[in-house]
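There are 2 protein chains.
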Amino acid sequence: RCFHFCKLPGRVMGIRLLRFTSVVIIVLLLVAGALTALLPTIKDDKLPNSRREPKTQSQSALDSFTLIMQTYNRTDLLLKLLNHYQAIPHLHKVIVVWNNIGEKTPEEMWNSLGPHPVPVVFKVQTINRMRNRLQNFPDLETKAVLMMDDDTLVSAHDLAFAFSVWQQFPEHIVGFVPRKHISTPSGVYSYGSFELQNPGFGNGDQYSMVLIGAAFFHSGYLEDFQRQPEAVYALIDETQNCDDIAMNFLVAKHTGKPSGVFVKPVDIRNLEKDTNSGYSGMWHRAEHLLQRSYCVNKLVSIYDGMPLKYSNIMISQFGFPNYANHKNKM
Amino acid sequence: RCFHFCKLPGRVMGIRLLRFTSVVIIVLLLVAGALTALLPTIKDDKLPNSRREPKTQSQSALDSFTLIMQTYNRTDLLLKLLNHYQAIPHLHKVIVVWNNIGEKTPEEMWNSLGPHPVPVVFKVQTINRMRNRLQNFPDLETKAVLMMDDDTLVSAHDLAFAFSVWQQFPEHIVGFVPRKHISTPSGVYSYGSFELQNPGFGNGDQYSMVLIGAAFFHSGYLEDFQRQPEAVYALIDETQNCDDIAMNFLVAKHTGKPSGVFVKPVDIRNLEKDTNSGYSGMWHRAEHLLQRSYCVNKLVSIYDGMPLKYSNIMISQFGFPNYANHKNKM
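Residue numbers (this note's numbering), protein chains in the order written: chain E, 127 to 456; chain X, 127 to 456.
Looking at chain E on its own, in the form it has when it is part of the complex (with noise of 0.2 Å):
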């Protein structure tokens, strides 16, 4: 029965029922905008346009891995080398340290030179530091790290073997640069390459670590590292070097074996030569080798003990480039 609004005069009633019939119009509006924003959205690979399906994130977290380049004066190589490796296979993410302190980065002008195959992030550092790389980043979401110097260029053929080696062996760190210490009478260690001695474990050459700088290795080593004794970053940060060799001594330390698997790499080219910006890195000052003989010492007596172990493993993937590359004379 009609009470309230059927006693009223019909003009009066005539407002009221509007302004009733028009409230009841916008609620029903807000009703219906709140059912939509709850409604699924709706995939990008369902629309008309030829982008491939992006994989679930945890897929990817096994089988793929992030790449970290720390970056300082040579952003033309850095660019140069961004555009080769955002395509490599199974490649989850770029994470770019950004050492050039006060300066912009390049995000711009990569955003507007979009789309790119993977999410490039761009971190900006406060202090031009070696070990910045060595940040546990929270944007890692994969088990595998691939770390690159800013002038090194690894053919994706060497980048996907090498990750598949990782794979069976991810508790190394493997690459495409050995390096080695030796024993010396007085107890005092050297660090070099094969122009050195070999260290006299039979035939052949031995080498004991793994340079990070081209190579694979599981994030948890991030995580680790931030939990050394402090004088292990004062060294680095004295240094501005031997990142790589602190970390080969904590992976050593962890496993009790070698810290490093050495895969061959097919095409490793440098392209410092390259840039414009007459930067040459850190590697030609004058005292880099023997800073680095000082740290593997110096590391040594922080951890008291030397970790290091030896291998002569040569990794080289079966049948490429050369179908025949293992024939012999059978």
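Everything labelled a hint here was simulated from the structure, so no lab data went into it. Among the hints, erroneous ones may be present.
Any copy, or any two copies together, can satisfy a pair, since identical chains are not distinguished.
To be verified - Below 30 Å or equal to it, Euclidean Cα-Cα: the simulated DSS-like pairs (lysine-lysine) are:
(1) K206 / K383
(2) K435 / K269
(3) K424 / K399
(4) K435 / K383
(5) K206 / K424
(6) K424 / K383
(7) K399 / K269
(8) K249 / K269
(9) K206 / K453
(10) K453 / K249
(11) K399 / K379
(12) K269 / K379
(13) K435 / K206
(14) K453 / K230
(15) K219 / K399
Position chain X against the provided structure of chain E, taking the given hints into account.
Just chain X, lined up with the frame of chain E:
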């Protein structure tokens, strides 16, 4: 106070005292004898001779290997190879599986040309069977077996390196001859080497078997081999072939991983042309490769599935023979 003895007259006491003293002396001698027997035995190495002290059994078992070499109708090659292999580092013993039925072994001649670096035992067989070499020989004391065909020469350097690799991958067949199977759309498998198409897992080739005619493997697998389905023995006996394929199936099933690890040999030679016997080995038979494809399919049927897995890992020795064999343009 002196009761019983003191009462007796002098002579009786004298005899009884003598008896008592004799008994005491005998008892003391027996006790002394028993104590001497409990003393530790003098070790051999304290004897004045110039031979090197043989390692104790437990040391040898872990860091040495047993060479098992089956031979048929190529005694001249056998003896040439024995001269080479008897001196390989870390060799513990040689077991020659003598498939020359009814023929005397060269044991007498062998002994007359002693001394030899290691013991060599000739196991006389009653039937000429390919699988004779896969018996669980009681003479086997080491964890590692090196199995070699009687026409194959591998350098000591290669063997020493491959043995060290086996020690890092003891559940795999670590050797010098990689082979593969491929699938075909019909589901029928085919057996071959690098001339066969790549299995199509990324770049390059893959191998799924390492042949046991030039390889290290764990002696436990000889034990396992005795427990295979009868049909496997029947297959090997029927073809006088495929024992090595069967071993790869066994190992792959056991580990759930690729059965083999391929070590690229620097110096491997087939000496079959050098034999005076004119006998040139089973692999020259027209049907040899077809038989092996046949075996792959039979074994899949016997084991109700294809356990073989692919690998593209090729291992070489770092810095040997060329101390800079890993050098790159960087």
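Hints that the structure is at odds with (numbers, increasing)
Per hint list: 1, 3, 5, 7, 10, 11, 13, 14 violated.
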